[in-house]
Amino acid sequence: MTLGYLLLSALLMFTATVVPRFVPFVFIKRKISSPFWKSFLYYLPYAVLAALTFPYVFYSTGSIPAAAIATAAALLMSVFELNMAIVAAVSFLIALGLGFLF
Amino acid sequence: MDTRSNFLAGLKKGIPVAIAYLAVSFTFGLAARRGAFSLWFATLLSATNLTSAGQFTGIQLMQLGAGYLELSLAVFIINLRYALMSFSLSQQVTIRIKPATRLAMSLFLTDEVFALANEKGAEITPAYYFGLATLPYVGWQLGTLVGYLSGGIFPSSVIAAAGIAIYCMYIAIFLPPMKRGKGIALAVLVGAALSCAFYYIPYLNEIPMGFRVIIAAIAATFVAAALFPKKDEEKVTIAEDTAPHEEETK
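Chains P and S, in that order, are what the protein sequence lines are. Take the first sequence: its position 82, counted from the start at 1, is 82 in our numbering, and no numbers get skipped. Take the second sequence: its position 34, counted from the start at 1, is 34 in our numbering, and no numbers get skipped.
If we strip away everything but chain P, and leave its shape as in the complex, we get (with noise of 0.2 Å):
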């Protein structure tokens, strides 16, 4: 890769995430009064997220039963409200324990 590449890469890439990140905040003034569209926007991110994570985590060790189990684990300790780190942390040690046996 040569390091034109690399620089104009760098810049795209920050400029596809930026761009997103600020135009609806810096310039959309207006306040949204219909319930459908309110309820819309709040519900949206928890969709995203939720699009993201399955079934691609399934795939995320290199093991699918231990990432499932592991997965497993997250959402009862999610059930609970356990503190995020303490949930990452507990599944990943899971996922590295299960990974040796499947």
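In short, the hints are calculated from the structure, not lab data. Ideal Cβ positions, reconstructed from N, Cα and C, are used throughout, including at glycine. Check each hint, because a few of them may be wrong.
[Claimed, not checked] A few chain S residues that face chain P, going by a derived Cβ cut-off under 7 Å, partial list only:
no.	residue
1	58
2	72
3	81
4	91
5	184
6	185
7	196
8	197
9	220
[What the hints assert, rightly or not] Okay, the calculated bits of chain P under chain S, using three or more residues with CB under 8 Å as the criterion:
no.	region
10	1 to 9
11	15 to 29
12	41 to 47
13	50 to 64
14	67 to 77
Fit chain S to the given chain P structure using the hints.
This is chain S only, laid out in the frame that chain P set:
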């Protein structure tokens, strides 16, 4: 609350996110090293992008020698969810915030910072927001650096298992609110189900990943918002003139 205690309150809230970011950016550092990128490039990306899915996809595509258009488009689509969060934030803020401050705030917008800011709702102030974002940003840089530098030390089993960390963070964010609202619960369940459908069903799975995720999420949210439009209104909004340090520029 004054600016200082607001900032400190945010800082405290950001600690668990910072710890989780250490783990995730650590895996990014590892991946960048495996991909034969140099240290300065890995840190440059983490410093300017501050996003997991976008950065991982970016270096993956670059290793495949992707063209500039493909790279930009893929990263843009993966990051489109930030536009939704940014928009949501624009609807919640009740005090006046200068465009320059808004721009600065936006640079630190991530899934987790948004989730924490979202909890605060109408009471978000720039000081609280910057407090939230500070430690996660530091954690992201530090994790990238340590991950890259220690790339040779860890066995491949550890590196593989670390891949699950980011998803567990997502789970820890979207699951607890499901208990409190049917709308969120439905949006999450349908979003996950549709995403799986797009992944496993032939022909549908030929759609690029970024598009699949966006379509699944938007369709799920449409269903949830149509069935469960929010009735409960936000708490009493803060009057605009209670924020003397925030002046709208003409």
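Going through the hints against the structure:
| no. | hint | result |
| --- | --- | --- |
| 1 | 58 | holds, 5 Å |
| 2 | 72 | holds, 5 Å |
| 3 | 81 | holds, 4 Å |
| 4 | 91 | holds, 6 Å |
| 5 | 184 | holds, 5 Å |
| 6 | 185 | violated, 9 Å |
| 7 | 196 | holds, 5 Å |
| 8 | 197 | violated, 10 Å |
| 9 | 220 | holds, 4 Å |
| 10 | 1 to 9 | holds (count 5) |
| 11 | 15 to 29 | holds (count 14) |
| 12 | 41 to 47 | holds (count 7) |
| 13 | 50 to 64 | holds (count 12) |
| 14 | 67 to 77 | holds (count 6) |
The earlier numbered hints that this structure contradicts are 6, 8.
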